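In case you want the letters, here they are:
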Amino acid sequence: MARARRIAVIAGAAALAVVLAGCAANTSSSGDSGSGGSATKVDVPEVTNLPVPPNAVKPAGNGQATCAATTTIAFAGALSGANAQLGINILNGAQLAVNQHNAANANCQVQLKKFDTEGDPGKAPGIVTQVVSETDIIGGIGLPFSGESKATGAIFEQAGLVHLTPSATNPTLTQNGWTTFFRALGNDNVQGPAAAKFLTGKLGAKKVCVIQDDSDYGIGLAKTTNDALGAVAADCQDKITTGQKDFSSVVNKVIAAKPDAVFYAGYYAEGAPLDQQLVTKGYQGVFVGPDGVKDDKFIQQAGDASNNAFFTCPCVPGELLPEFADAYKGVSGGQAPGTYSLEGYDSATILLAGIDSGIKDRAALKDFVKNYDKDGFSKHFKWDGTGELAATTVYGYKVQAGKIVYVGTIG
Amino acid sequence: MPVISTIVLAQGPDWIKFDIAAFVSQFWNNTIDGLAYGAIYALVAMGYTMVYGVLQLINFAHSEVFIVGAYAVFFTLAALGFGPSAPGLSLPALVGDLVLAMLVAMLAAGLMAVLLERVAYRPLRRRNAPRLAFLITAIGASFAIQYALFAWRGANPEPAVIMFRPQPVFDIGGVIIDSQQITIFVAAIILMIIVDQFVNRTRLGRGLRAVAQDPDTATLMGVNKERVIVLTFLIGGILAGAAALFYVMKVPAGVQFNGGFILGIKAFAAAVLGGIGNIRGALLGGLLLGVIGNYGATLFGNAQWIDVVAFVVLVAILMVRPTGILGESLGRARV
Numbered sequence: 001m002a003r004a005r006r007i008a009v010i011a012g013a014a015a016l017a018v019v020l021a022g023c024a025a026n027t028s029s030s031g032d033s034g035s036g037g038s039a040t041k042v043d044v045p046e047v048t049n050l051p052v053p054p055n056a057v058k059p060a061g062n063g064q065a066t067c068a069a070t071t072t073i074a075f076a077g078a079l080s081g082a083n084a085q086l087g088i089n090i091l092n093g094a095q096l097a098v099n100q101h102n103a104a105n106a107n108c109q110v111q112l113k114k115f116d117t118e119g120d121p122g123k124a125p126g127i128v129t130q131v132v133s134e135t136d137i138i139g140g141i142g143l144p145f146s147g148e149s150k151a152t153g154a155i156f157e158q159a160g161l162v163h164l165t166p167s168a169t170n171p172t173l174t175q176n177g178w179t180t181f182f183r184a185l186g187n188d189n190v191q192g193p194a195a196a197k198f199l200t201g202k203l204g205a206k207k208v209c210v211i212q213d214d215s216d217y218g219i220g221l222a223k224t225t226n227d228a229l230g231a232v233a234a235d236c237q238d239k240i241t242t243g244q245k246d247f248s249s250v251v252n253k254v255i256a257a258k259p260d261a262v263f264y265a266g267y268y269a270e271g272a273p274l275d276q277q278l279v280t281k282g283y284q285g286v287f288v289g290p291d292g293v294k295d296d297k298f299i300q301q302a303g304d305a306s307n308n309a310f311f312t313c314p315c316v317p318g319e320l321l322p323e324f325a326d327a328y329k330g331v332s333g334g335q336a337p338g339t340y341s342l343e344g345y346d347s348a349t350i351l352l353a354g355i356d357s358g359i360k361d362r363a364a365l366k367d368f369v370k371n372y373d374k375d376g377f378s379k380h381f382k383w384d385g386t387g388e389l390a391a392t393t394v395y396g397y398k399v400q401a402g403k404i405v406y407v408g409t410i411g
Numbered sequence: 412m413p414v415i416s417t418i419v420l421a422q423g424p425d426w427i428k429f430d431i432a433a434f435v436s437q438f439w440n441n442t443i444d445g446l447a448y449g450a451i452y453a454l455v456a457m458g459y460t461m462v463y464g465v466l467q468l469i470n471f472a473h474s475e476v477f478i479v480g481a482y483a484v485f486f487t488l489a490a491l492g493f494g495p496s497a498p499g500l501s502l503p504a505l506v507g508d509l510v511l512a513m514l515v516a517m518l519a520a521g522l523m524a525v526l527l528e529r530v531a532y533r534p535l536r537r538r539n540a541p542r543l544a545f546l547i548t549a550i551g552a553s554f555a556i557q558y559a560l561f562a563w564r565g566a567n568p569e570p571a572v573i574m575f576r577p578q579p580v581f582d583i584g585g586v587i588i589d590s591q592q593i594t595i596f597v598a599a600i601i602l603m604i605i606v607d608q609f610v611n612r613t614r615l616g617r618g619l620r621a622v623a624q625d626p627d628t629a630t631l632m633g634v635n636k637e638r639v640i641v642l643t644f645l646i647g648g649i650l651a652g653a654a655a656l657f658y659v660m661k662v663p664a665g666v667q668f669n670g671g672f673i674l675g676i677k678a679f680a681a682a683v684l685g686g687i688g689n690i691r692g693a694l695l696g697g698l699l700l701g702v703i704g705n706y707g708a709t710l711f712g713n714a715q716w717i718d719v720v721a722f723v724v725l726v727a728i729l730m731v732r733p734t735g736i737l738g739e740s741l742g743r744a745r746v
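Chains as they are written, first to last, in the working numbering: chain A, 1 to 411; chain B, 412 to 746.
Rather than coming from a laboratory, the hints here were simulated on the basis of the structure. Hints are supplied without guarantee of correctness; some may be wrong.
[Unchecked claim] Computed cross-link-like contacts, DSS-like style, restricted to lysine-lysine with a CA-CA straight-line distance of at most 25 Å:
1) Lys-206/A x Lys-281/A
2) Lys-428/B x Lys-223/A
3) Lys-370/A x Lys-114/A
4) Lys-428/B x Lys-207/A
5) Lys-150/A x Lys-382/A
6) Lys-370/A x Lys-360/A
7) Lys-150/A x Lys-223/A
8) Lys-258/A x Lys-223/A
9) Lys-258/A x Lys-428/B
None of these values were measured; they are calculated from a predicted model.
Produce the entire structure from the sequences given, and follow the hints as far as they go.
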């Protein structure tokens, strides 16, 4: 037994030594990180300021508002569980708006009530039923995710309770005839064309490989991106499966096709090892992913290969508004604004503006949002008949020195 | 060019088509990558095949033995300062670190395998439990370890630990073989030859084969059956630990609570393909499964075909040779 282990151990050591020795001259230079990739990297500089519309509606209003002491708006979304961070980002944004409103309007103290759905489409209906049964609640922020939004839209509709989602992007959510559902950002259908424009425009790609995973999100996004890219990506397509870690065949195809850019429609769990394996095999172009890939986890898991990565996202870089960022830290306990914090802030501001205008019930607030047509900090808010924004913006990001930074709007 | 060379099945559905030009042009690259990944399958498959050969037990928890090894690799390398970029180490220092990580992984995975045998399987054997009880215990142990790791480390994979940036070593007519592929393939083959020789030539190995052939007679002849069983699990665990190092070398962010699951199923399939219970069969099956998946992905145009093709080939081969390509030979006298 001891002998078995000793033999195996010695052999393994010998094997490694022999093989690595065979390429000593080569491996010794492996230390210079970033030796690949940077040569052909397109220059899309970081943008550190975010222009705010001069007439952006602030939660404080004119300070003269009066309302009943019981006036309440609700936040419903994940506050615990694996995906809680997104919900917390939104809640803190909404809480900041309510705090600023209440500080400025002594005669109108609006309460923000929190409901935790855990982001679970199975649990959300019960929670939302509870929300709509509280008659003091006249408007809602949420729900953050597409799955739970799908499961609960009908409950809001039945109760006539208006709600704004700051982050759910599945296009089908506005195709259910719900009159209470409003989306405060662009859906997945606008991200694909924007990504295509980014790839062929700012990034100057003449040839793109589009790789999709097997999720609804990835398939839908790849389709809209491909439709917009047309011939640029016609010859280089691949599909992978959730959970896949070995991308040899995909990498070989991409290397042989020599594209300027790879667009990956999926999430970071597969995107990170894919990018890492591409760069390891000598891929020199850029790697572009959607909001499902835009996460610090991507950088952690792809290692320094992530330096070639760009992201598209309908999310505003709220951390770039210094005033907002500073005030936000007071609510979040020091944490900087995260993805969808500013959308949460804007969504709450719209509901508060309705309350300040003298609205006291659900039906009137719903009409207020339906006819709303003003600038917010993140974008202009005006909805079409289905609850989609009339005009939406997609924002570009890139990895720079191990961090995700903003590079400007892309569509 | 791609339009002409892509042959779409006449009147066939549009979701299935053959890209023969790509298959031909990427044949050698796919073969080399497939062999490197297949070598990892083969090392893991050894654990399945040896335990089956001796106990006729399919140790479904072996994939978790493997992932425990991968965690050991991660923690060792992270402690040695490896991180998101390849460290600028001299060659001897790099080899030293990798060997150390492999030893720790072998130790961790080996201990895990022995512990598994002691806690999960031995009590059942003592009580002469039916085979079904072993099977469900194996599946249960697999989930138990997986979710213990989940509770400990969470759902996200560990950050990448990059060992070295592969350098091209051979360039044969545009087909590049890099140092990573060579390291994995050669080291895995050497390890498997050693185990094969150990089983076939040493006294302990003879005992192992004796128990595989006929446990009762072997016991009467003075072979310590319990010791042989522990030895079998230990060797399987050690090889899984080595496989973990090579896996993390190839997939630096692959250390995740359920990261062994799919690989374990593939490795088990490799063992069956080559002939379960057969050490050389595990090697052959692993390498075959590695390359067939890549061929299928390129031939059918995308990587979602990897498992379809690999498992269709598995079924086809089992139809012709129900005991696998090389047959179940650990327990046969001819070894």
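Results for each hint:
{"no.": "1", "hint": "Lys-206/A x Lys-281/A", "in the structure": "holds, 21 Å"}
{"no.": "2", "hint": "Lys-428/B x Lys-223/A", "in the structure": "holds, 19 Å"}
{"no.": "3", "hint": "Lys-370/A x Lys-114/A", "in the structure": "holds, 24 Å"}
{"no.": "4", "hint": "Lys-428/B x Lys-207/A", "in the structure": "holds, 23 Å"}
{"no.": "5", "hint": "Lys-150/A x Lys-382/A", "in the structure": "holds, 22 Å"}
{"no.": "6", "hint": "Lys-370/A x Lys-360/A", "in the structure": "holds, 16 Å"}
{"no.": "7", "hint": "Lys-150/A x Lys-223/A", "in the structure": "holds, 22 Å"}
{"no.": "8", "hint": "Lys-258/A x Lys-223/A", "in the structure": "holds, 22 Å"}
{"no.": "9", "hint": "Lys-258/A x Lys-428/B", "in the structure": "holds, 23 Å"}
Hint check: no violations occur; every hint is consistent with the structure.
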